[in-house]
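Asker: Residue numbers (the UniProt record's numbering): 1 to 173.
These aren't lab readings, by the way, just hints derived from the structure by calculation.
It is possible that part of the hints are untrue.
[Stated by the list, open to error] The calculated lysine-lysine pairs, modelled on PhoX-like cross-linking and capped at a C-alpha distance of 25 Å, are:
| id | residue 1 | residue 2 |
| --- | --- | --- |
| 1 | K50 | K61 |
| 2 | K50 | K110 |
| 3 | K109 | K50 |
| 4 | K142 | K66 |
[To be verified] Cβ-Cβ distance ranges computed for the label pairs, FRET-style:
| id | residue 1 | residue 2 | range |
| --- | --- | --- | --- |
| 5 | D130 | R62 | 20 to 26 Å |
| 6 | D123 | E48 | 32 to 38 Å |
| 7 | V114 | D143 | 24 to 30 Å |
| 8 | D130 | G60 | 27 to 33 Å |
| 9 | V114 | K142 | 20 to 26 Å |
| 10 | D81 | D116 | 19 to 25 Å |
| 11 | T64 | K110 | 26 to 32 Å |
| 12 | T64 | D123 | 28 to 34 Å |
| 13 | E91 | L111 | 26 to 32 Å |
| 14 | E48 | D85 | 30 to 36 Å |
| 15 | L111 | N79 | 29 to 35 Å |
| 16 | A113 | K61 | 27 to 33 Å |
Where is the CB? At the ideal position from N, CA and C, for every residue including glycine.
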Amino acid sequence: MTYEARNEPFFLLNKVLNKCLSCHYKTLLSLGTCEAEKDNLPPVLRAEEKVTVHFLNRDGKRITVKALTGESLLDVVVNNDLDIDGFGACEGTLACSTCHLIFEEAVYKKLGAVSDEEMDMLDLAYGLSDTSRLGCQVCLRKDLDGMILRVPDVISDARVDSEKESSTAPPKV
């Protein structure tokens, strides 16, 4: 038996962790993983717990969804086809701020430190608050069950032509 075959679970876990860390999904404590890699995990490491997340949309409507621990909030919106305009333009590559969310202070304190890259993108977000985070950088854990997130009233979306005004863009002055 080869070294790789004897240590296959280790190599598989290492592959997943490297992928997750490169995506900024740091949910090792909850044994969560990136959605794209969850099917490759041994059954013991699959996150099967679901948590409830409440989004307060721009139009004032409350959207409630159940999602797996380990999923990013961006994944939750995309995978559940939630009606949040312009959300996740860069598909989680930390190249925009369209997945900007505002957290309750108690929940925000549970999330951990904000990376420099995320802070750079948050600097471009409209409606920034002391409890703002990017949804692509926050993964669900059991202790976040029932959290309420507010979607900011406006977004900065580079996909909208500078000549054309968007209903989600701030008014031109």
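Asker: Please name the hints from earlier in the document that this structure breaks, with their numbers sorted from lowest to highest.
Answerer: 7, 8, 10, 11, 13, 15
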